[in-house]
Every structure is written in structure tokens, then in C-alpha cells.
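Take the sequences, apply the hints, and build the full model.
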Amino acid sequence: MELQAMYIQILALVLFTIGLVVAIARRNIFFVLMGVELALNAVNLSMVGFAKTLPAELSAAGQIVPLFTIAVAAAEACVGLALVILIFRNRESVDSDSFTNMKG
Amino acid sequence: MLALIYFIVLAVIAVGSAICVLLAKHPLYGALSLILSMLSMAGIYGLLGSPFMGVVQIMVYAGAIVMLLTFVIMVLNAGKDNNTPRFDKVSLFVVPAVVVLCGLVGFVLVRAPLAFDATTIRGSVKFTSETLFNMAQNGPGYFVLFEVLGLLLLSSMAAAVLMAKKRLGSEVSEKEGK
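In the order they appear, the protein sequences are chains E and C.
In terms of our numbering, the first sequence opens at residue 1 and continues consecutively.
In terms of our numbering, the second sequence opens at residue 1 and continues consecutively.
FYI, nobody ran anything at the bench for these hints, they're computed from the structure.
Treat the hints with care, as some may be off.
Derived list of chain E stretches under chain C, where covered just means 3 residues or more per stretch with a C-beta under 8 Å from a C-beta of chain C [what the hints assert, rightly or not]:
1) 3-14
2) 24-36
3) 42-53
4) 62-73
5) 85-95
Which stretches of chain C does chain E cover? Using the computed rule of at least three CB atoms under 8 Å from a CB of chain E, they are [stated by the list, open to error]:
6) 17-24
7) 60-66
As the structure is a computational prediction, the values presented were derived from the model and not from experiment.
Even for Gly, the Cβ is constructed at its ideal location relative to N, Cα and C.
Below, the structure written as C-alpha cells:
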């Protein structure tokens with residue numbers, strides 16, 4: 001029994017599923033943000049796992065594309081938390097159902 | 001064999017702490033479980049031979065993003081909000097749908113042929129940085145994206161400061177500012 005490439009993909013799939021469930025099913029807005037971060041992490045893990053199955057000259061993409069994903073996730077968390085602060089000051093609530101200002 | 005044992009231990013920690021995020025009552029406990037999950041994922045990156053990704057994961061995710069999240073949770077004191085239920089009726093439909101989707105994707109994934117390439121260069125810092133900052137005419141051109149990312153982070157930081165500033169100051173400090 002050796003470490004197979006498939007095990008990493010299955011772990012990434014399980015983590016992505018948990019992240020998606022956290023992001024959609026929980027109602028606290030902080031848990032929604034945490035679920036999105038978890039799902040992004042799982043995709044990074046999947047990309048690093050796939051990179052190890054590619055030939056040598058292509059495998060650098062598996063290190064660099066997740067780097068960009070992490071930076072975009074940092075920007076997303078920055079703006080998202082600023083939005084949460086702004087809405088919490090107005091509504092005094094962290095329930096995502098009360099965040100319906102843009103519904104029209 | 002040893003790699004498989006390490007992988008199983010780290011995977012169990014990662015999945016277990018992710019489930020803790022799902023079931024946590026207080027957002028602070030969720031954030032701490034998230035840090036544990038990300039640290040074990042950094043261990044898996046190291047196990048796969050990508051120390052660069054592992055260190056970036058620890059520095060940016062565990063060190064910056066979740067730190068920011070924890071800070072905002074503590075500043076807003078939102079944990080005292082007991083009116084927000086953990087799950088609502090929609091969750092009853094969401095969870096089976098996502099699990100069925102996971103099962104279908106997993107079925108396709110298991111049938112796909114996938115094996116490690118023995119000749120693959122592992123993701124050391126030297127190899128990664130040489131590819132990232134390769135400015136040759138016929139190179140991959142990742143450095144342009146890198147510069148764009150700097151602008152993206154700067155603009156998101158400025159936007160966050162402008163948005164959060166609006167009501168953050170108390171009335172007294174705003175009057176003093178005028």
C-alpha cells in the first residue's frame with residue numbers, strides 16, 4: 001500500500017463538500033465566510049495533488065495557480081469582513097437572512 | 001507505507017476539524033477548528049513535496065486570513081447573538097443535495113486513471129520561484145499576473161478601509177475630527 005494520487009483527490013472532495021455545506025446551510029455570516037475559505041482550500045489541495053501527476057515542466061502550474069487562489073481569497077476575506085462590519089453596525093445581527101439589502 | 005500513514009493521520013485531523021467547523025456553536029471555536037484544518041492541510045502539502053505551498057498556506061491562511069476573521073469576531077462581539085439559529089429548514093434540503101453531488105463526483109473520480117508521475121519535479125521554493133519570475137520572452141508570463149495581484153490586494157485593502165471607516169468611529173471622535 002502506497003500513497004495513491006486518488007486519495008488526495010478524495011480528501012479534497014470531502015473537504016470541499018463540508019465547506020459547501022457550511023457555506024450554504026449555516027445561517028451565521030461568519031460561518032458562511034469560513035465555509036467559502038474551506039472550499040477554496042480544498043480546491044488548492046486538489047490542484048497540488050493533480051500537479052504531481054503531470055510531467056515535470058507542467059508541474060510548476062500546480063504550485064503557482066494555488067498561490068493566486070490564496071491571494072484572491074485574502075482579498076475576498078478582506079472585503080467580505082468589511083461588509084460584515086458595515087452591515088452589523090446597521091442591523092445588529094449576524095444572521096445571513098437579515099442581509100437582504102440588495103434584494104430590491 | 002510511511003507516507004500513507006502520515007497522510008491518513010493528517011487527513012483524519014483535517015476532515016475532523018472541518019466537521020467541527022460545521023457543528024460549532026460559537027464562531028470563535030469554528031475559526032480555531034479552521035486553523036487546525038488548514039495546518040494539517042499544510043502538512044499534506046509538505047508530504048506531497050510542496051514545501052513552498054505549505055509555508056504559504058501557514059503564513060497567509062492560518063496567519064492572516066483566519067487571524068483577521070478571529071479579530072472581527074472578537075471586535076463585533078457577535079457570539080452573544082443567540083437569536084440566530086444554527087440551521088434552518090432549507091438546510092434539510094441542502095445537505096442531502098450536496099452529499100449526493102459529492103457521491104456522483106467521487107464515482108467519476110474513482111473511475112479515472114490517475115497515478116503519480118515519478119519524473120515530476122517536486123515544488124521546491126527554487127523551482128517555483130524560477131518559474132514564477134521567469135521574464136523570458138517565451139516564458140510562461142506568470143509575473144504579469146503577480147503584479148496584477150499586488151494591485152488587487154491594494155485596492156481591496158483600500159476598499160475595506162473606506163467601507164469599515166464609515167461608522168467605526170464613535171460620534172465623539174467624529175466631532176473631534178471635524
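Notebook entry, point to check: Among all the numbered hints in the text so far, which are the ones the structure does not match?
Noted result: Violated: none.
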